[in-house]
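Student: The listed protein sequences correspond, in order, to chains A and B.
Reading the first sequence from the start, the letters are residues 1 to 254 in this note's numbering.
Reading the second sequence from the start, the letters are residues 1 to 284 in this note's numbering.
Hints are not guaranteed to be accurate.
To be verified - Derived DMTMM-like pairs (lysine to aspartate or glutamate); straight-line CA-CA distance at most 25 Å: (1) Lys185(B) - Asp79(A); (2) Lys185(B) - Glu71(A); (3) Lys185(B) - Glu7(A); (4) Lys111(A) - Glu7(A); (5) Lys277(B) - Asp131(A); (6) Lys188(A) - Glu173(A); (7) Lys23(B) - Glu136(A); (8) Lys215(B) - Glu272(B); (9) Lys185(A) - Asp122(A).
Stated by the list, open to error - Between beta-carbon pairs, the in silico distance windows are: (10) Val111(B) - Gly128(A): 40 to 48 Å; (11) Lys111(A) - Leu259(B): 36 to 44 Å; (12) Glu136(A) - Leu33(B): 19 to 27 Å; (13) Ala107(B) - Lys111(A): 33 to 41 Å.
What the hints assert, rightly or not - Far from chain A, some chain B residues (derived; all Cβ distances over 12 Å): (14) Ala84; (15) Val114; (16) Met118; (17) Leu170; (18) Asn182; (19) Val184; (20) Thr191; (21) Tyr200; (22) Thr219; (23) Ile258; (24) Gln269; (25) Ile271.
Honestly, the hints are just simulated from the structure, not real lab data.
Glycine included, each C-beta is placed from N, C-alpha and C at the ideal position.
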Amino acid sequence: MTDALIEGNHLTKVYGTATGPLVALADVSFAIEEGEFISLVGPSGCGKSTLLSILGGLEERSEGDVALDGEDLDRPRTDIGMMFQTSVLFPWRTVRQNVRLPGIVLGLDAKEQAQKCEELLDLVGLNGFGDRYPSELSGGMRQRVALARLLAHGPRVLLMDEPFGALDEFTRETMNLELLRIWEKTGKTVVFVTHNIGESVFLSDRVFVMTPRPGRLAGTIDVDLPRPRSAQMMRDPRYSELVFEIRGMLGIDH
Amino acid sequence: MTIDASVVHPAIETVQHQTSIEKHLAQEKSRALRKRITNRLLAAGFGVFVLPVWYAATAFEWVHALIIPSPVDTFFAAGRVMSADYFLANAWVTISEILWGFGLGLASGVVFGVAVAMFDSVRATIYPYLVALQAPPKIVLAPIFITWFGFDEPSKIAIAVVMSFFPMFLNTLTGLSSVDPNAVKLMRSLTCGRWQTFRYLLLPNALPIMMTGVKLCWTLAVLGVIVGEFVGASAGIGYLIYAMNFQLDIAGVFALIILLSLFTVIVYQLIEWAEAKIIFWKQV
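Chain A on its own, in the form it takes in the complex (with noise of 0.2 Å):
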């Protein structure tokens, strides 16, 4: 435990309601890796969001504490990326524009962005696409270049916050693949919040499940299935027996 990346110890968030206190996250405590595939996943109302908000220094926590590097985790960080549900694209700029904004906003050197900016379109499979603007994509599309943008200053850890969420099954399915690829690629440690325990188990090295009311850290899943994954895999029964693992803890298997 001592040589992990992000730590959190006794992690507590209450929000006052006009109906009284709610406990968004009680006495949540892990460890994560540099490298790893984190996923959070669980029901609405289970915290994972509030936990992912909190990693990126976003929300203040009740009590506990959560560091990274040993840095305590209580404002937003440089090497610290989020990505969202919707692309969050600003419709005024075009794609290029668009990836290139955390470099601007940053003032990271104009030369060096503007050619990660082209790498980083290849990357995700949108080369040709620029000079386009939000508008002219389709959904998947738009959250390729939201991933390029997540990528563009270099952050370590990437936070995602259901970013497939909203897409079809099929573009979600391929996105998780495009997602892998990229994440093999640059090595990146990702913790990736998600409501579909098949995704959950298909990205990551390991799973954290979490339960609602208060919202509790249920359990880990160590997923040992090899790496580099590919759609065949969710035919092998190690695959079913640990979406079923999940689900029990979950307790939605009646």
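Position chain B relative to chain A; hints supplied.
Tutor: Relative to the frame of chain A, chain B by itself:
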């Protein structure tokens, strides 16, 4: 040796497919153009239909010429008014009042809108007062402003500013506040401060709603100036309208109203043209 048809075929098919797409696009375009022309013709046709009715109503004396002058009289009155030596000076007074009122109303609306949207303390301090000031119909301020700022331009400009300020202020505030929370999160995660978020996200995001405010601001500035000139002035189009009405020169009044409307509409069209350039991403 056989030629594998499936190798040759797709290429040809692609070319054919391409030309058929282009054909469809061209058809789409010409359909849109036809629709636009039809709409213009409908609008023009309605105008052409109204004119004879207007003319008939006056020619057969369904209405008295002192209530509605005939279109012919109005047309000649327009010529008479525009060639009169007093016209240009008075028109210029009104135009400059409107432009000043519009400019100052727009600028103050934007400044206060940005300040209230960006600083919670400013919002807490002045927002209730700005809304309260909005409550009385602003026309009641006209006589007071004449007392404060005199019979000349400043009082008219003041009324125009007071009338055009609020829509600009409110649309700026609304525009800056109507933002995707995830976009704000994205900017925060990139360690952007208040002003970077404003420049790269909030301001461009607010422009469509702000442009609606600009258009409201324009029509209200015109209204404010004319109201001011009615209440008390020694020059200007509103003053001329008031004076001609008093002299029962109704055709002259109609002519001035039409000229004023033309001016307002032309500038309005200019604003819409600029709007299309500024918020290009909203166009289809």
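Student: If a hint holds in the structure, say so; if it does not, say that too.
Tutor: Hint check:
1. Lys185(B) - Asp79(A): Since the Cα atoms of lysine 185(B) and aspartate 79(A) sit roughly 15 Å apart, the hinted pair holds (cutoff 25 Å).
2. Lys185(B) - Glu71(A): Distance of about 21 Å is within 25 Å: holds.
3. Lys185(B) - Glu7(A): It holds: about 22 Å lies between the C-alpha atoms, which stays within 25 Å.
4. Lys111(A) - Glu7(A): violated (36 Å)
5. Lys277(B) - Asp131(A): At roughly 18 Å apart (the allowed maximum being 25 Å), aspartate 131(A) and lysine 277(B) satisfy the hint.
6. Lys188(A) - Glu173(A): holds (20 Å)
7. Lys23(B) - Glu136(A): holds (20 Å)
8. Lys215(B) - Glu272(B): Satisfied, since the Cα-Cα distance of roughly 8 Å is no more than 25 Å.
9. Lys185(A) - Asp122(A): holds (13 Å)
10. Val111(B) - Gly128(A): 40 to 48 Å: holds (43 Å)
11. Lys111(A) - Leu259(B): 36 to 44 Å: With Cβ atoms ~57 Å apart, the hint is violated.
12. Glu136(A) - Leu33(B): 19 to 27 Å: holds (22 Å)
13. Ala107(B) - Lys111(A): 33 to 41 Å: Once the Cβ atoms are compared, 38 Å apart, the range 33 to 41 Å for lysine 111(A) and alanine 107(B) holds.
14. Ala84: It holds; alanine 84(B) is separated from chain A by about 49 Å at its closest Cβ, greater than 12 Å.
15. Val114: holds (18 Å)
16. Met118: holds (17 Å)
17. Leu170: holds (23 Å)
18. Asn182: It is violated; asparagine 182(B) is separated from chain A by about 4 Å at its closest Cβ, not greater than 12 Å.
19. Val184: At about 9 Å from chain A, valine 184(B) fails to clear the 12 Å cut-off, so the statement is violated.
20. Thr191: The claim is violated: threonine 191(B) sits with its nearest Cβ about 5 Å from chain A, within 12 Å.
21. Tyr200: Contrary to the label, tyrosine 200(B) does not stay out of reach of chain A, its closest Cβ about 6 Å off (not over 12 Å).
22. Thr219: Its Cβ never comes within 12 Å of chain A, the nearest being 27 Å, so this holds.
23. Ile258: The claim stands: isoleucine 258(B) keeps its Cβ more than 12 Å from every Cβ of chain A (closest is about 39 Å).
24. Gln269: holds (23 Å)
25. Ile271: Check passes; 19 Å lies beyond 12 Å.
The structure fails hints 4, 11, 18, 19, 20, 21 (numbered hints given earlier, in ascending order).
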